[in-house]
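Asks: Chains as they are written, first to last, in our numbering: chain V, 1 to 264; chain Z, 1001 to 1357; chain E, 2001 to 2296.
These are calculated hints, taken from the structure and not from any lab test. One or more of the hints may lead you astray.
[What the hints assert, rightly or not] With a cut-off of at most 25 angstroms between alpha-carbon atoms, the simulated SDA-like pairs for lysine to any residue come out as follows: (1) K257/V <-> Y164/V; (2) K2003/E <-> A163/V; (3) K2003/E <-> F99/V.
Each chain is listed here by its residues.
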Amino acid sequence: MIRKGWLALFLLLTFLPLYWMVNMSLRTNEEILAGFHLLPNRPSLANYRVIFTEESWYRGYLNSLTYVAINTLLSVAVALPAAYAFSRFRFLGSRHLFFWLLTNRMSPPAVFLLPFLELYSSVSLFDTPWAVALAHTLFNVPLAVWVLEGFMSAIPREIDETAYLDGYSFPRFFVRIFLPLVRTGVGVTAFFCFMFSWAELLFARTLTAVDAKPIAATMTRTVSAAGMDWGVLAAAGVLTLVPGALVIWFVRNYIAKGFALGRV
Amino acid sequence: MARIELKGLGHRYAGADEDALRPTDLVCEHGETYALLGPSGCGKTTLLNAISGLIEPTSGRIRFDGIDVTERATRERNVAQVFQFPIIYDTMSVFDNLAFPLRNRGLAAAAVERRVREIAVFLDLEADLARRARRLSAGAKQRVSLGRGLVREDVAAILLDEPLTVVDGQSKGNLRRKLREVHSKLRPTVVYVTHDQSEALTVADRVVVMNAGRIVQVGTPRELFENPAHTFVARFIGNPGMNLVACELEDGRARVGGWHLDLPAGLAAAVPNGQPLTLGVRPERARLSRTEVRGAPRTKVTRVEDFGRHHIVSVRLAEVLFKVKLDDGPVPAIGDTSWLTLPPANVRLFAAEHAVS
Amino acid sequence: MEKPRNERAWLLVLPVCLIVAFSAILPLMTVVNYSVQDIVSPEQRVFVGWEWFKDILRDPELQAAFVRQLVFSATVLAIELPLGLSIALCMPRSGWRASLITVLVGMPLLIPWNVVGTIWQVFARTDIGLGGAALHGLGLDYNYASHSLDAWLTVVAMDVWHWTPLVVLLCYGGLRAIPEAYYRAAAIDGASRWATFRHIELPKLTGVLTIGVLLRFMDSFVIYTEPFVLTGGGPGNSTTFLSQHLSTMAVGQFDLGRAAAFSLVYFLMILVVCYVFYNLMTRGERDDLAKPEGKV
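Excised from the complex, chain V in its bound form (with noise of 0.2 angstroms):
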């Protein structure tokens, strides 16, 4: 009974900010400004009009579901078969390349600020979706490959060994066989890819200026001549909600595998 009354407990308090968020985005800023609520006195949509109107304002969403699609599309397919080769074989320098790929993903953010602004502009990928998704493999490639070694050790080598026996080219085998068994195992990886990479800001915001500007750098500029417009700014706030929850209800039911693995 302790357990569901604290658990009941933590939820709400969870829930709670967002709710407050929520309820900002239905009133307008002068019924904000106004006085102290707890339900909006007149709900109304027009912080969501204001975004799916504005192109500054939709763009950026598009922008950031943009990059996010492009890394998570690429981590996954670079990691799966470098994660096929660690979990089933030992060459030159494995042990050692495996430890360097988790010093990217733990390493400080800030460090590689300025780095990547020169190396982006250089290449010409300054303010392009390419630039972010690509900044972000920094990190989410060594994951999607600690996550996938983790599940690809699981499916018992006899069944490689079959396949090859049963005549098989490797290539084949791992489209046909080795993919459909990992399929859990790639799910919750892109669940991973897509909870770093949506959420990130401080190279979203770096690499972008104007046109791959992502929804994050959008929120950030939200004041104007009267002030932080906070009614528009919960709106997008609850609208950066959504991805998340789509995905997050897609995989639930292998999260808890996914999670028990530990490699987060």
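Chain V is fixed; fit chains Z and E onto it per the hints.
Replies: Positioned in the frame of chain V, the structure of chains Z and E alone reads:
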């Protein structure tokens, strides 16, 4: 040690279409070892878990020494259970593992010490008492698991769920020997689940053969071997199982193909009408002769398998392959003609799969 | 289980190496390059050797930021780990409720970090925020924009709100991985709920808890966005942590040499912790391969 009685015990798992265990009656006498034997999914583990209280049966009652324990939690039933893979407390030493059940029940330290040492000596764990339990081999870990069960002097029954599954080689033999010692010296009431019949037949006083959620037959290994109550038991017990062939009753004898075979006295009269009949003889009981035996079916040898100490010769009788086990003597070759004698005393009849007696 | 040697496996790993080398090695080389030079302008560079390193290690502002960072990391660790574990223990084991609660608990993890900062920025305000107004209503003189302590508490509360779900999900995953048989054995041995926790759950959770500690420590040690959006590092620099300090140095002040040197030191600190992490992680695997002792 308790006498366990199951009355109408049945269980259906949540969301399942059928009973995993159909309402069953069973009595496990005080101090005897019962093996629950059957293929996967026959309900033996369900039955075991119902006895220990790990699942609450959807129907029926369980009694220990006459006291109804159906509503009692596992903790209160005072049973010990050994699982398929060794369950030990990783962070504790072997001593602490064995002492755990006693300490949980508030036993004094001196008594705990004495009892743990006693059981450790019995199970050959004395040298390992100070070691971390997780460092032991699988066989030793299972001994620790068993020890946790034996360490409580008032334990009602010991339940084992395929305990030799992850133990291999020499450990397996050691553990089996230990289990027999436990049986002969301590005489607990034991219920032992296995799908391995040789294990069941060597370990148990009585074997409970199960299939598809039902108990098919309960008996001593000898009874099951000689007088199976059902064709399932006839086939399942024995390696290879009993030869079964469809037959018909004619003039008090069984007719298979074109051949007439003698039956034990009085058996023909007991056969109920209108049911499909099956004839059964164990490979160990059938005999082959190179020279003609009058009245015996003439067969052709189709296969000879050499198992070192014995041979299994398959002969064709009518449309059926009959297996004969030969321990010694001349072994026919493939293609030879052989006369098959089936001593009437060893012939069994099954009507609609059930034994006729 | 032993893995066979196969040098051709390098081909499979090549794409990853290329992409990470591009993302990591090239920039790091730049950083190392800058760290030993005094760059007044792109044309005017002077090699200064260890100067920058000595400079930052003696810099009082940096030292202060370092201490602040350590206090912050220690504080959030001390709260998030026990809290996360206790919530994981309360979550249902299976069924639709388990899935639903997993989703609800995990929500804060998927919010863009700047939005986390914004949510709390609003929530903690005393005029338009529920949290701030509530505290005000209780009679407390709370204002995170002007009182350092309030700013600290708010930043800690925000981090706890944001990242405890990670610990919860880690522990929950770890708990679900414990085979049912252990709980049954404990029931048969007459163990109380506390004894079951102490002797079965806790030992089996050491793996995920270790990972939780190290991940949270490292991530909190390099935290940037959330506190920056919430307090901007203030009031003053009371909530300015290491990453923000570095970011200001590099991109704000354009103090390239100094920033580069600091980056390397910062990176080194993380590397050491990472090494510890890696060894603890693989030690578990090495243990499983160890030969059993005693009589068989």
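Asks: The structure should be examined with respect to each hint, and the outcome stated for every one.
Replies: Tested hints:
Between K257/V and Y164/V the CA atoms are separated by roughly 29 angstroms; this puts the pair beyond 25 angstroms, and the hint is violated. Restraint check for K2003/E and A163/V: the C-alpha separation of about 18 angstroms stays at or below 25 angstroms, so the hint holds. The straight-line distance between the Cα atoms of K2003/E and F99/V is roughly 18 angstroms, inside the 25 angstroms bound, and the hint therefore holds.
Comparing the model with each earlier hint shows a violation of hint 1 alone; every other hint is respected.
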